[in-house]
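Visitor: Take these sequences, add in the hints, and give me the full structure.
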Amino acid sequence: MAVYTLDALLDAIEGIMDDAASLVRSQTYDELTEGIHDYPLLQVYPEENTGTDWTGETDRVTLSGKHSVKEYTVHADIYARQRSHIAEDMKKCVDVANETEDILDNLSYPLFGLACVTSFRWSWRRVVFEYGGVKYMGARFVIVVRAGTQT
Numbered sequence: 314m315a316v317y318t319l320d321a322l323l324d325a326i327e328g329i330m331d332d333a334a335s336l337v338r339s340q341t342y343d344e345l346t347e348g349i350h351d352y353p354l355l356q357v358y359p360e361e362n363t364g365t366d367w368t369g370e371t372d373r374v375t376l377s378g379k380h381s382v383k384e385y386t387v388h389a390d391i392y393a394r395q396r397s398h399i400a401e402d403m404k405k406c407v408d409v410a411n412e413t414e415d416i417l418d419n420l421s422y423p424l425f426g427l428a429c430v431t432s433f434r435w436s437w438r439r440v441v442f443e444y445g446g447v448k449y450m451g452a453r454f455v456i457v458v459r460a461g462t463q464t
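Just add 313 to the spot in the sequence shown (first one is 1) and you have the numbering used here.
Hints in this document: simulated from the structure, not taken from any laboratory. This list has only true hints and no planted wrong ones.
Computed beta-carbon distance windows for the label pairs:
id, residue 1, residue 2, range
1, G364, M403, 32 to 40 angstroms
2, D332, S432, 16 to 24 angstroms
3, K404, S432, 27 to 35 angstroms
4, D408, E360, 18 to 26 angstroms
Glycine included, every Cβ here is placed at the ideal spot set by N, Cα and C.
Guide: Quick look at the structure:
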């Protein structure tokens, strides 16, 4: 398994999800701005790491070295449209959520283009975000990624 960094993992997730046709802009954790000027906008940032699971105490794994697996929770917030008309706002939210679902459902190996990603799962929910004092209809994708390294 390859060695990875959290920033590389976040950039890879953003790079894959950015393929949604209706997205105008995407940002990772180090590109976030104080306001939203273009939407639909995707923002990808880390939420949690549940720690390291070390394996390697058996002779089967020892031959190839110890393996470390971490589980990251990543939020991918999609600001679909500034709140103005509920039906139009909801339609834009559903459209971009459908596109994003298709992308995640059709990933192939290596997942997110990284050999270190062993598996992932995701869910999403509709959210009315408040950002810079303005409300946006959108969706929060919660992506849980298992990534490992070999030492």
